[in-house]
Amino acid sequence: AVGTVTSLWIRRPPAAQPDLRFRLSSLAVPPDTRAMLRHDRPLLMALLASCMFWLVSGIAIQAVNSLGLVQLQLGELRTSLMTASIGLGIAVGAVIAGRLSHGRADFRLVRIGLWGIVLWLLVMSVSLPGGRHLLGFAGSFPVLILLGVSAGFFAIPVQVFLQTRPPDEQKGRMIAVMNQANFLAILISGMLYSVFDRMIVALDWPRSPVFAMMAVLLLPVAWLYRPRHDADSPSTVVNSA
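Numbered as in the working numbering, the sequence shown ends at 241 without a single skipped number.
Keep in mind that the hints were calculated from the coordinates and are not lab data. Ideal Cβ placement from N, Cα and C applies to all residues, glycine included. All the pointers check out, no bait thrown in.
With a Cα cut of at most 20 Å, we get these calculated SDA-like pairs of lysine to any residue: (1) LYS171 / ALA181; (2) LYS171 / PRO31; (3) LYS171 / HIS39; (4) LYS171 / GLN159; (5) LYS171 / MET45; (6) LYS171 / LEU48; (7) LYS171 / ARG11; (8) LYS171 / VAL29.
Label pairs and their computed distance ranges (CB to CB): (9) SER80 / ARG21: 45 to 51 Å; (10) LEU88 / HIS39: 36 to 42 Å; (11) GLU169 / ALA28: 14 to 20 Å; (12) MET199 / VAL92: 31 to 37 Å; (13) LYS171 / LEU69: 40 to 46 Å; (14) VAL92 / ARG41: 27 to 33 Å; (15) VAL92 / ASN179: 23 to 29 Å.
When you get a sec, could you build the whole thing from the sequences and use the hints?
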């Protein structure tokens with residue numbers, strides 16, 4: 001209800017292309033949007049990085065629930081508090097990233113956020129001999145908050161870039177494609193977590209190594225995704241529509 005009420009204050013901009021007709025290709029990726037992504041490598045790389053982020057995010061929620069309920073033997077309430085601490089960190093990180101970005105996609109924050117996510121995932125993955133988690137319930141809170149802050153540092157500049165980089169007539173379609181791709185990544189995360197879960201059960205490991213598996217997934221992105229700080233400059237945008 002609160003979200004519905006606050007949405008009434010959202011500014012209603014005019015349609016970018018009011019005469020644009022619906023086509024079946026609009027249900028997936030329109031041809032002109034595909035052409036734009038083929039010719040605009042920074043935009044394509046940002047989209048793929050966003051997908052990997054949401055893939056790992058989808059696994060992370062399930063991993064925290066599994067850690068709390070199975071390994072730490074917590075109840076649902078305290079496990080939910082652990083999950084909520086990530087959201088708190090994301091909110092803090094998003095505000096800080098927004099302030100530091102000054103309305104632009106600051107990819108220095110993206111790099112800091114990526115390596116921060118990898119670091120805190122690795123910290124969360126450590127268990128002691130006998131299966132006892134290194135951090136426990138209380139120790140996990142600050143680490144999960146820092147994990148969320150790092151996620152906010154990554155997500156906000158990438159989202160800004162994906163929404164501002166395309167030409168005006170492509171912005172709406174690019175946002176739609178971004179949402180489709182991220183949703184697909186979240187769907188895949190469920191299947192991937194199932195694979196990780198079966199692996200851990202088969203090896204008789206505690207639940208925390210799932211966090212290390214997530215770090216391994218994200219490590220190539222942290223290592224290879226190095227966009228220029230000025231990549232969002234209007235002069236670099238390719239209008240392929």
